[in-house]
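Colleague: Please work from the sequences and hints to get the whole structure.
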Amino acid sequence: MCGRFTLTQDRKSIVEDLEVAEWSAAGEHRPRFNVAPTQSALVLTWSDEAPGSHRAVRDMRWGLVPGWAKDPAIASKLINARGESIAEKPSFRNLVGRRRCAVITDGFFEWKKDGKASVPHYIHDPAGKALPMAGLWDVWKAPDDTYLTTFTIVTTEARSDITFLHDRMPVILARDDLDTWLDVAHVPKEKALALVKAYAGPLETFPVSKLVNSVRYDSAEIIRRADPEVGTQGSLF
DNA sequence: CCAGACGTTGTT
DNA sequence: GTCTGG
DNA sequence: CCAGACGTTGTT
DNA sequence: GTCTGG
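In my numbering, the protein residues as written are 205 to 441.
If you're looking for bench data, these hints aren't it; they were derived computationally from the structure. Predicted model only: the values in this text are computed from it and were never measured. All C-beta atoms, glycine included, are put in the ideal place defined by N, C-alpha and C. Some hints here could point you the wrong way.
Taking lysine to aspartate or glutamate and the DMTMM-like style, the derived pairs with C-alpha atoms no more than 25 Å apart in a straight line are [stated by the list, open to error]:
{"hint": "1", "residue 1": "Lys281", "residue 2": "Asp349"}
{"hint": "2", "residue 1": "Lys316", "residue 2": "Asp329"}
{"hint": "3", "residue 1": "Lys333", "residue 2": "Glu232"}
{"hint": "4", "residue 1": "Lys393", "residue 2": "Asp252"}
{"hint": "5", "residue 1": "Lys401", "residue 2": "Asp387"}
Label pairs and their computed distance ranges (CB to CB) [unchecked claim]:
{"hint": "6", "residue 1": "Glu425", "residue 2": "Gly271", "range": "35 to 43 Å"}
{"hint": "7", "residue 1": "Arg302", "residue 2": "Thr409", "range": "29 to 37 Å"}
{"hint": "8", "residue 1": "Glu394", "residue 2": "Asp252", "range": "18 to 26 Å"}
Modeller: Following this line, the structure appears as structure tokens:
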């Protein structure tokens, strides 16, 4: 699945890499090494406003709160959406044809489980390019009449070089597919659903330290390669 | 009709 | 909001 | 995803 | 064990 990701690029690099035409996110973007659920993150949406259709950056909170939710705490359960069932599940089906977005990342983490041990690994493009992930978003009206905009990340079966870590992975959108996913006004959901599949582009994977486990850490050391764990439990002799 | 659910993952 | 189950 | 909390009352 | 919060 996908429970943490990075966006280490700065604003200028994001704009160039993803050919962004409009930046409408609140606040400054600082490079992020440990984005966690419930935190604000950058997403791409399609804008049909003048001067023409284009990719726009916005900020939303990770963890979907459907419009009908009574308690926004549901967000922590809806950080991912199974691609195989987004067209049927009540929380997602109305969004597939109307509210698709691409979560801007340039890497993500998976924890490899070995019995009790859990070792985090980082997966990214060896060239450092962005890995936009298929997302769905919604708006929730709070009791005080303020609005909360949230998103979830669509997942699919892991491709063969990832399965040693986990059997699921986020849906990463190829550059050629990006606008098809984003343009909800002109692309029917059937065509968008065809993009829910494992990414075919280059990915590099390596173990990292457990610093990433705590959301308090959010710096470059998070994605430094760590030596494989050796003799953690009484095997020194 | 109303009430209640609405999700994913991993682990056993 | 919308669907399923009773 | 992992970390951390997990409770009420009355008094200050 | 299970839920909430980040």
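Colleague: Please check whether Glu425 and Gly271 have a Cβ separation lying inside 35 to 43 Å.
Modeller: holds, 39 Å
Colleague: Do the Cβ positions of Arg302 and Thr409 conform to the proposed distance bound of 29 to 37 Å?
Modeller: holds, 34 Å
Colleague: Taking only the CA atoms, is the gap from Lys333 to Glu232 under or equal to 25 Å?
Modeller: holds, 21 Å
Colleague: Verify the proposed pairing of Lys316 with Asp329, using a straight-line Cα cut of 25 Å.
Modeller: With Cα atoms ~19 Å apart, Lys316 and Asp329 stay inside 25 Å; holds.
Colleague: Check whether the Cα positions of Lys401 and Asp387 lie no farther apart than 25 Å.
Modeller: Given pair Lys401, Asp387 holds - Cα atoms ~18 Å apart, limit 25 Å.
Colleague: Check whether the Cα positions of Lys393 and Asp252 lie no farther apart than 25 Å.
Modeller: Status holds; Cα separation ~18 Å.
Colleague: Taking the Cβ atom of Glu394 and the Cβ atom of Asp252, is their distance within the range 18 to 26 Å?
Modeller: Holds, since Glu394 and Asp252 (Cβ atoms, about 21 Å apart) stay within the stated range.
Colleague: CA of Lys281 to CA of Asp349, is that 25 Å or under?
Modeller: holds, 23 Å
Checked against the numbered hints given earlier, this structure breaks none of them.
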